[in-house]
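Residue numbers (the working numbering), protein chains in the order written: chain A, 73 to 672; chain B, 30 to 211.
None of these hints come from the bench; they were simulated from the model.
The reader is advised that the hints may include incorrect statements.
[Stated by the list, open to error] Simulated pairs of lysine-lysine, PhoX-like, Cα-Cα distance not exceeding 25 Å:
(1) B:Lys140 / A:Lys399
(2) A:Lys399 / A:Lys615
(3) B:Lys115 / A:Lys233
(4) A:Lys280 / B:Lys161
(5) A:Lys615 / A:Lys460
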Amino acid sequence: MTAHPSLEVQTDPQAEIMTGAQIVVRALVDQGVTDLFGYPGGAVLPIYDALFDEPRLNHILVRHEQGATHAAEGYARSTGKPGVVLVTSGPGATNAVTGITDALMDSIPLVVITGQVPTHLIGTDAFQECDTVGITRPCTKHNYLVKDAADLPHVLHEAFKIATSGRPGPVVVDIPKDVQFASAAYVGPDKARSSHNYHPRVEGDAAKIAEAAALIAQARRPIFYTGGGVINAGPRASQALRELAKLTGAPVTSTLMGLGAFPASDPAWLGMVGMHGAFESNNAMHDCDVMVAIGARFDDRVTGRLNAFSPGSKKIHIDIDPSSIGKVVRADIGILGDAGHVLEALVEVWKRRRLSIDAAALKAWWAEIDGWRARRAFAYRPSGELIKPQYAVERLYALTRDRDVYITTEVGQHQMWAAQFFHFEEPNRWMTSGGLGTMGYGLPAAVGVQVAHPKSLVIDIAGDASVQMTMQEMSTAIQFELPIKIFILNNEWMGMVRQWQQLLHGERYSHSYSASLPDFVKLAEAFGAVGLRATRPDELDAKIQEMIDTPRPVIFDCCVERAENCFPMIPSGKAHNEMLLGEDAGDIGGVIDAAGRKLV
Amino acid sequence: MSVDPPASAYDMGHADETEALGTFAILVDNEPGVLHRVVGLFAARGYNIESLTVAETDRNAHTSRITIVTRGTPQVLAQIEAQLQKMVSTRHVQDVSRDPNGVERELALVKVRGTGAERVEALRISDIFRAKVIDTTTQSFIFEITGAPSKIDRFVDLMRPLGLVEVSRTGVLSIERGVETL
């Protein structure tokens, strides 16, 4: 093998020489990895061979590589540790792309190791060859093709650093098969050399923090708008947020990704913001005079029509990603830094300067908010005959609230009902696909969460359409005795598609009805899981209790009202204060104009 | 059905801001695929590339310098700078066009075909622009010209009626005046 021309690799005479495959395994162990999700294939066989007698790594064999990535996301989101994926070349890598993109959009730290055909075959259209680094370049935070085993330990350690620091995200390391067989010196994390100058800023600018504190103190209608960044910043960020909210007396709302950073039982909690968020939080966002955005990125599902978004407010934007600040909404004060550090610094300044918000103004602001709350916009018409999906989630919450529970979801109506009716007191308890909106996320994510928290109650609140996209991972749950609960709100439709077709396309239900649904109870049994079904409200509680008490994986077929729509809703192209409530639903087709109909 | 231009959810509300050219000097780690990262970023986010130059500039540090000329509102240019800065392979980004000390130069090879008075005029103008003749036949010249992009534009415009047949341009290179470095 020729020497690497550009890198002056200092070979430590004490260094252990091992194969590339053994380097991979050793680097994972040294990075503190205990669990990984993967699927073997030709181009990763040497690594699988090295895993064969490695007791420190628990490998979870999935049934499809997309499942591996979502499981790793669930693992990462529920622990704060990076998720690790190992898949083969070609289809192994391409199947992982959906989960990798999902992790990029939702800032989830993943290290994805992909096998590649041997270096001398790269570019020849070899069997199971694909341009993995080319395909994943736009959907990773960073990626590598490692052509020399001597580079491997350095790259792997750097991959973990990049995935977990700054704004977290997925990193792909593509390793040709001959590199896995080749021998090289192992280098531990402390001695690994970084080939990039990557040092994201963590501490916020003190002057700007002081300026922000002063602006908040002058507010008459303040609001904290928090996102997934607060959760990514770890428990201290959530703690500091709670303290700052208490000190200031300002209300708190959050994005879908940020649920749990602030306790839902706190009186200052307004509920989720956005398209299907709380009426009170959307109106408060619209009418506030100082908005403090923390680890949130002003996504279009949050802002509604941008030129009508919170028109009268000064905006403070705290984010670790410089490209998030000012991307869609101009920040009056932009603070680059880690949410935890900046929030703690704000608390410190607030206390030191003995700042406070005008009490009379705050009182008037809360009175206004209470007026919006009184609209009870999440109310739905109860039924004695049919299970309302909202009721099902309410009961699920009521019957599990004293337990150690983690919730994942798929994507669609059930996801929004879960966000509206299930409540979280702590961060890292809520796993959902926010940015990419990946149907099929929830079941494998639940697998990953259960691996990380074997004793906890892990529930995927699912839809009948979404859950079929990755249903094969039930087999993984059975094999590894992961007692996940798949709680399907079964309305026999792609519910959110049906809702939009009803409201926006003249009730022309084009290809959104799931004819020939499987019998989910029999399907559960076929997998070796337990199947339960509820069709009437009066049997729901007992069935949910039976699910909770079952120490094995369960698929719960909760047959709900089919035509129920998800409200309230900010119609496309409308502002926060133009939220549509359930009772106005008949008019929605007339509410959205032609331009709004064209939006997604 | 015809509809009005969308009251888009993505309407940035910056209609008052006019677009301008921006030149970014980007120092990147010279590694496989790094140019694709930069170009892919522009393609994926819908930014325009007016010109692009790239070459390794420091062999020992394994760094390459990329110069990109793009177009956008101040807000978009700021976003481009932030997105470039965020890439792991990026060492440094500088918006040269907004830097009063920024110097921009471009080199062009310009082929002009003609005889008689037009040929004489082409040669005379090239002299005014301090272009060099690097090849000639009895019916053609190739001029080599360096300067700010606007100077080259002007030269090309003047050559057009005199028999301009082909232009090859390097794209913009940039550097900062004074002792400071990227």
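TODO: Measure nothing beyond the straight line between the CA atoms of Lys280 of chain A and Lys161 of chain B; if it is 25 Å or shorter, mark the hint as holding.
DONE: Answer violated: Lys280 of chain A to Lys161 of chain B is near 54 Å, above 25 Å.
Open item on the list: Check the hint pairing Lys399 of chain A with Lys615 of chain A against an upper bound of 25 Å on the C-alpha distance.
Closed with: 47 Å, violated
Open item on the list: Between the alpha carbons of Lys140 of chain B and Lys399 of chain A, is the straight-line distance 25 Å or under?
Closed with: 44 Å, violated
- [ ] Compare the distance between the alpha carbons of Lys115 of chain B and Lys233 of chain A with 25 Å, and conclude whether the hinted pair is satisfied.
- [x] Status holds; Cα separation ~15 Å.
TODO: Measure nothing beyond the straight line between the CA atoms of Lys615 of chain A and Lys460 of chain A; if it is 25 Å or shorter, mark the hint as holding.
DONE: 15 Å, holds
Hints 1, 2 and 4 from the earlier list are contradicted by this structure; the remaining hints agree with it.
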